[in-house]
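J.: The chain contents come next:
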Amino acid sequence: MQTALFPSAPLTVSQLTFHIRKRLEDDPALREVWVQGEISNLAHPNSGHLYFTLKDKNAALRCVMWKLDAARLRFNLQDGLAVEAHGKIAVYEPQGQYQLVVNLLQPKGEGALYQEFLRLKAMLEAEGLFDVERKRPIPELPQTIGLVTSQTGAALRDMLNTLRRRLPLARVILAPSAVQGAEAPPALVKALQTLNQQNPDVILLARGGGSIEDLWGFNDERVVRAVAASQTPVICGVGHETDFTLCDFVADLRAPTPTAAAELATQITLDDLHTQVAYLSSRLATQTLGLLAEQKAFVAALAARLKYISPERRIQTESQKLDELSRRAGSALIHRIQLQAARVHGITKRLHALNPTAVLARGYAIITSQESGRVISKVAQAKGAMQARVSDGEFEVKRI
Amino acid sequence: MAKAKSNERAIDELSYEEALTELEGLVTALEENQNPLEEALKLFERGQALAARCGALLEAAQLKVQKLTDETLTPFEEETE
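Line order of the protein sequences matches chains X and B.
The numbers in the numbering used here rise by one with no breaks, and the one at position 379 of the first sequence is 379.
All you need for the numbering used here is the position in the second sequence, starting with 1, plus 1000.
Since the hints were derived computationally from the structure, they do not count as laboratory data.
These numbers come from a predicted model, not from an experiment.
Certain hints may be false.
Restricting the straight-line Cα-Cα distance to at most 27 Å, the calculated cross-link-like pairs of lysine-lysine (DSS-like) are [said to hold, decoys possible]:
1. K296(X) x K1067(B)
2. K88(X) x K55(X)
3. K121(X) x K55(X)
4. K190(X) x K1064(B)
5. K1067(B) x K190(X)
6. K135(X) x K121(X)
7. K398(X) x K349(X)
8. K378(X) x K398(X)
9. K88(X) x K57(X)
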């Protein structure tokens, strides 16, 4: 190929670079790229942006991750780490360099895990395992609380401290289990099953924070199904606030952390119970005092009524009547007696007037026959021995 | 009230939940106000004892932690750091 004799006017570097940039950035295949490689030349300046190079055996790719995306990273980057990066190809014109602007970065293999997570989630969701209607209420005041967690983790200590503080009345049954690695899923399943046989009121399935691989056991289909099959309501508190596992979806309640799970399991606390007992006590006292006052008033009312109808009152009435009668009877009697006395007096006076001895005092004498004893009132009767009676005595008289 | 009589147990044998449940039932029964006075006073006395039992159990409560291994329960000793 021959060079033109009279070339057109040359492009400026800027113009050419702009042209290249446009070609690269317009290419749909370069706008959404997943690329895997090993990190090298990692730099994190104060700006908060991250700069590094992704390498494999034969090639290198300059990468930049802006501050906002870098802040969402959940693991520590270091040189040599195999990662999967997602982003778009862009051209940095001042250096004439193309680079990958990374918006997602994850450890290598995580992409496949995430795909598996999504597949399993969709499948179990379609089966209805995550349905809201399946969620059972968490008892407000559990007597027995089951824990499925590591025997040695901070999660256990946090939960026991929380339970001890909030509801020391409870009994806790710990079913220790591996919570990471290949042995975790079967151990978690077994712990859930044996714990269910103890019939606790609620089960806390918990694990402290960790990498996504560390938490992976809680995305295992066997574990998810064991949670779904649990007779006892399950609260899931795995990892941190931002971690979501399939156990979170299938559990009756999701807690952001193990401590929060213990709090959600003890909705009624010791303080609430003290308050409740005090309230019941006061209701009891109020009620009883009220009842007593009521009864007292009732008795008083009855006593008043009883007094009104009491025989005592009748007795008093009758006795008064009797007094009245006897008073009346007495005065009637006196009246009669006085009447009689007056009559007797009259009669006596009259009798007195008739007393013959009164006539004798005036010089009369009464002559009686000694023989017959009869009064001589005619001459013819005057014969034999006679007796003359005068005012002060008697003497014998003879007819001459 | 025959039911309450037959359920009546020595108060110091009752668990917190049992004592509280009985106390709640008893207060409600009292509030329904259909007991003869003598019975009401007996209920009050028992209620006071139940409340005292509840309070004492709350004061004395100590989280009981057991460990379940192969269907066997054993007391669990926390590791101290």
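J.: Compare the structure with each hint and give your call.
T.: Status of the hints after comparison with the structure:
no. : hint               : result
1   : K296(X) x K1067(B) : 58 Å, violated
2   : K88(X) x K55(X)    : 17 Å, holds
3   : K121(X) x K55(X)   : 34 Å, violated
4   : K190(X) x K1064(B) : 23 Å, holds
5   : K1067(B) x K190(X) : 14 Å, holds
6   : K135(X) x K121(X)  : 17 Å, holds
7   : K398(X) x K349(X)  : 36 Å, violated
8   : K378(X) x K398(X)  : 15 Å, holds
9   : K88(X) x K57(X)    : 22 Å, holds
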